[in-house]
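Novice: If you want the building blocks of each chain, they are given just below.
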Amino acid sequence: MTRSLSERLRALQASVGGPGSTPDSGSDGTSSDRVGSLDAPRSIRSPEEVEQPIYQSKSESDCHAEHEFAEEGYSEIGQGVWHRTLRYDILMAHGDHRFADLCEADLGGLLKAAKLSDLVQLQAQNFRFYDTETTGLGTGAGTFPFLHAVGRFEEDEFVVHQYFLADYAAERELLTVMIHDHFPDGVTVVTFNGKSFDWPLLSNRLTMHRLEAPVVCQLDLLYPSRRLWRQTLTRVSLGAVESAILGLERLDDLPGKEAPMRYFEYVSDGILSRLVPVFDHNATDVCSLVTLAGHLADILSGRTSVHAASEWSALGRLYDEWNESDLALRCFHQAVDCPDASWREHWLHSLHCKRRGDVDTAVETWLRMADHYPWSVPPCVELAKVYEHRIGDFQAALMFAREAKNRMLRYSRDAGVEGNGTPRYKGGADERIVSALQHRMARIERKLSAHSAS
Amino acid sequence: MELSLLLDEWRRTPAFIEQVTAWDIAPARIGRFRETPGWVHEDLVSVLEKKGIRQLYSHQAEAVEAVHANKDVMVVTPTASGKTLCYNLPVLDAISKDSSTRALYIFPTKALSQDQVAELHEISNGLRTQVQSYTYDGDTPMHARTRIREAGHIVVTNPDMLHAALLPHHTKWLRLFENLKYIVIDEAHIYRGVFGSHVANVIRRLLRICAFYGRHPQFILSSATVANPGDLGRELIGRDVEVVDESGAPEGERHTVLYNPPIFAPQLGLRKSSLMEARRIGGRLLKEGVSTIHFVKTRTQVELLSSYLKSDLPERLRTRVVGYRGGYLPHERRSIEQRLRTGDIQGVVSTNALELGVDIGSLQASVTVGYPGTIASIRQQSGRAGRRKGMSLALFIANASALDQYVVGHPDVILHHSPEAARVYPENLLILTDHLKCAAYELPFSRDESFGVETTSELLDYLAEYRVLHQGGDGRYFWMSDALPSHGVSLRSAAQDNVVIVDQTDARAEIIGEMDRFSALTMLHEEAIYLHQSKVFQVERLDLDNGKAFVRAVNVDYYTDAELAVRLRVLDSLEDKDDGLAKHHTGEVMVNAMATLFKKIKFDTHENLGWGKIHLPEAELHTVGYWISWPASALPFDNEAWETALSGAAHALRHAASLHCMCAVPDIHMAVEVRDLLTAKPTLYLYDAYPGGVGLAERVFRTSREVLATAREMVVNCPCESGCPSCIGPQAQSSESKTEGQPKEWVARLLLSAVGSEVGDAHKSTGTEGSAPVHSTEGM
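Just so you know, the sequences run in chain order B and G.
Residue numbers for the first sequence follow the numbering used here, beginning at 19 and rising by one.
Residue numbers for the second sequence follow the numbering used here, beginning at 22 and rising by one.
Just so you know, the hints here were simulated from the structure itself, not pulled from any lab data.
Remember, it's a predicted structure, so these values are computed and weren't measured experimentally.
Treat the hints with care, as some may be off.
Here are some chain G residues the structure puts well away from chain B; computed CB gaps all over 12 Å [what the hints assert, rightly or not]:
#1 I284
#2 E486
#3 R538
#4 L552
#5 E609
Counterexamples of contact, computed for chain G against chain B with all Cβ distances above 10 Å [stated by the list, open to error]:
#6 S121
#7 E336
#8 E358
Sample of chain G residues facing chain B (criterion: CB under 8 Å; computed from the structure) [to be verified]:
#9 A232
#10 H491
#11 V695
C-beta atoms are modelled at their ideal positions from N, C-alpha and C, and glycine is treated no differently.
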């Protein structure tokens, strides 16, 4: 009558889990949420089979594995740690750009955009392009990178070093070698979203193995990319930037989220072939970091001009933040001159003029905007302010305040339907703005009557 | 009028004193003091002196000395006896001596954490060492988190945060874990049952991580009074604890009065409403200027009673009476707490929200309206009145329920010997496995590592077999999934999601309750009548997929009783014993239940008004049970009498068990068989409502004599004549039985027959020996 522990557990799990109490070997592994909850075993293997450690002796299957790795250019540099190098001539093109572009670029703007101090050594030779493939998207202690790629310039080549963790037990060795070979203190780590993902994850791993983390600078390309392309790209991911900006089309690329599943398949079944696309994907990512960094540097140093109005505006705002007002103004000008200039470009341009004290240009722009965009409220509000306080034309001020209020009431429900980042007044904001306008109108009327009385 | 005069008056009033079942007077007690130990850092000594603390109470001294002697300590002393100093003193001392020291405080609720930090700041401000103490919970802003991880000497959090945020990200808390010296767990008695079993496993994970960083932190626990503080401590933290339970704090004279509202319909055993009695008595207290806190069971009652009290009071006092409950905004609650401390508020009506240590100063009287679910709660609520000096009153007004009636008839359980044992059962397979997964995510398991149980490696293999873990080349098991295991595990909910009960009577739907899925089958099927706080609702729709039952208030004079086709199968009888005429067992059971149809039954006459069909899937529950079987010849009952007696006994036992196991009644289910499928004997089953069991039924097996005695008393002492819904549960009417006597007698006889004059032998059968030897005890 007494049942084994696993029998009991299985029955219990089945009774609370509902479906999935039967083996489901056909699962494609996309239902990642179910894996954790145990209800859907992807396939059942006998425990004896599982208990066999994979790398205990050089058995036949090991020799086979070695052969497979060798075919992909990997060599085993420690038990369970595989390493390969991919070398590219720096004059080679990757998409529309060459690796060498970065070496020739002026990096000042890029470093500024990444909020790095001037103290960072500026040579691209000092950069380490870093990207990982991990067992999940979390940043907790149980998520780890199984594949690390470190790209660096070595003389006239761009070299990608890939480290693959074939056995979890070997992680400490992998990290020791990789940190020793590529991450001396003081290097600059170039990533895309690495500041909040790849690097913290690596730090976790070092802590888990009680290893010292190197002191490095972080150049995360996500932030400047977001500034420039948030308006044009629906999602600023490395893949989106590659195809839209860098002219790189990937063929047969593996969706990144599939990588963990393929790795889990590999560790349980030892089949390497399904991981090959992951290796390639990872290597391509690192190469793109180089061309993206080069392209960003060129844009930010003014060597390459951008095309879209929103890019010009974004540049203008960056220069503005760096207190390069003239450069900023030029960018805002460019933005409004673009054929695809929208409400937003005109608006940003006008605000910049206002900040510079160029009231005439600002007023001119607002008048044009009030005319062109008959639903648009903010230019009318600005005009009302200017006419009231600067120019002292209370009649005009009152007219624009009234117009703003009318527009507010008329268009508030669907304000900003034109898109293009037009500010949209939502819910409660409506009332606040309307009442502010009423307040303004009352004040102007008081001034008017005082004026006429005197 | 002074409280003492008012009490004198009540004592002379026959209408009052006749309803009082006990009036206990604990004389005033002076404090017992001891010198502050010499090892305490001088800065801390002078800060304490500035606060007027020149000496410690004896229990404080005892506790801090035990901590100093490297023991794990559990402090069990009444509310307001200065418990917090028992842990703040050693912790602040250690930080003063070595500023790298870290401590982790675990509180069950956010409100308590905030209170604690405020109190810590008060002391630590005077220290020369800058002591940083922070709460870390869901409300902590992101930008503050990094600083807390790095610089917090004392991190105050709750078990849920520990489980979901700290432990899975322990590498980011390096500084804390590398220097962790003390773990403080306040209100430890809250961690019992399912929640406690989860928390015990979270603590296993915590200790595992500490060990990884080379630390072996010491525990300082505090708890309300329970029957088994030492056991609770050990089960929670996996180590023996030194129990400190002799309070040295001074106490004023204290009157504890147990009041049972008068009966107005003797045949039915109906009593006056406890809430209305509270309105009368509490109103009088307030009118006489006695500061009073009322504890009621629900949020609605808070509003009701506070509005009654206000309307009864003279104008000038009305603004000085307030309600306090969950659902009020935090700043509202803070302001009420503040006004209570300063005495600006004279009367407050609260749910148990004010029961735990939130600092509200001391009031003169507490009125507990209805049994709040545990005796520890009653005691904590009474502790809100009367702190150091002056006379105080703790009044308990009973409801009509069997448990209320038992408690009001047994003043001893409140005053002296609580039968309540807070139990945790961290070995529940589902809970254990969930936390094993979380633990594997946090740190890989080595082959020979034990996670609280000997069977760890078997469980690891199981998880590896299901490809949740993978064994690396060095034999260690590591997490192999892209999911974060702690996300799927909530410490506070049952294994299966509960069904929440949504009241859509008003335009704004409101959640009024929660029920496990298994019970929902019979209680929340469509058209079922659901009784909630004596309001009648009808279920309009049961959405099992999304775990919601939609109800609407109705005005009908019937209730529903669903017929549940239950198949209960014993999977494994783990232990049995003979006692009295019966055989008692504990073991694993599987329950299959299918609700088939329901009857509509008229409230007073119990007439059958009709029936309807239920269309719901079968439910299955694997759990641990306790069952008693009798030979059919044990009592001279016919079939009907057996049936009535068994179900009545099961009803009473279930309530008695909830008292002894410190759990809610719905945590234990029951079933009866006049002819059991397996043994053909009359059998009564109690089983844990949680899959895998949480040790409740097992506890009943171990203490069956006490539980049976309590159950019998509940039945015998009920004022009804022949057995009422309160004591023996709803009975099938118009019994055909030819057996002599009344159902109430049958139940009492049956319960008595399962207790022998001598202790029966316990026969333990271990897993390898197979089933238990059968003893021929029939006809004894």
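Novice: Confirm or reject each hint.
Specialist: Tested hints:
{"no.": "1", "hint": "I284", "in the structure": "45 Å, holds"}
{"no.": "2", "hint": "E486", "in the structure": "5 Å, violated"}
{"no.": "3", "hint": "R538", "in the structure": "10 Å, violated"}
{"no.": "4", "hint": "L552", "in the structure": "28 Å, holds"}
{"no.": "5", "hint": "E609", "in the structure": "7 Å, violated"}
{"no.": "6", "hint": "S121", "in the structure": "18 Å, holds"}
{"no.": "7", "hint": "E336", "in the structure": "38 Å, holds"}
{"no.": "8", "hint": "E358", "in the structure": "31 Å, holds"}
{"no.": "9", "hint": "A232", "in the structure": "13 Å, violated"}
{"no.": "10", "hint": "H491", "in the structure": "5 Å, holds"}
{"no.": "11", "hint": "V695", "in the structure": "24 Å, violated"}
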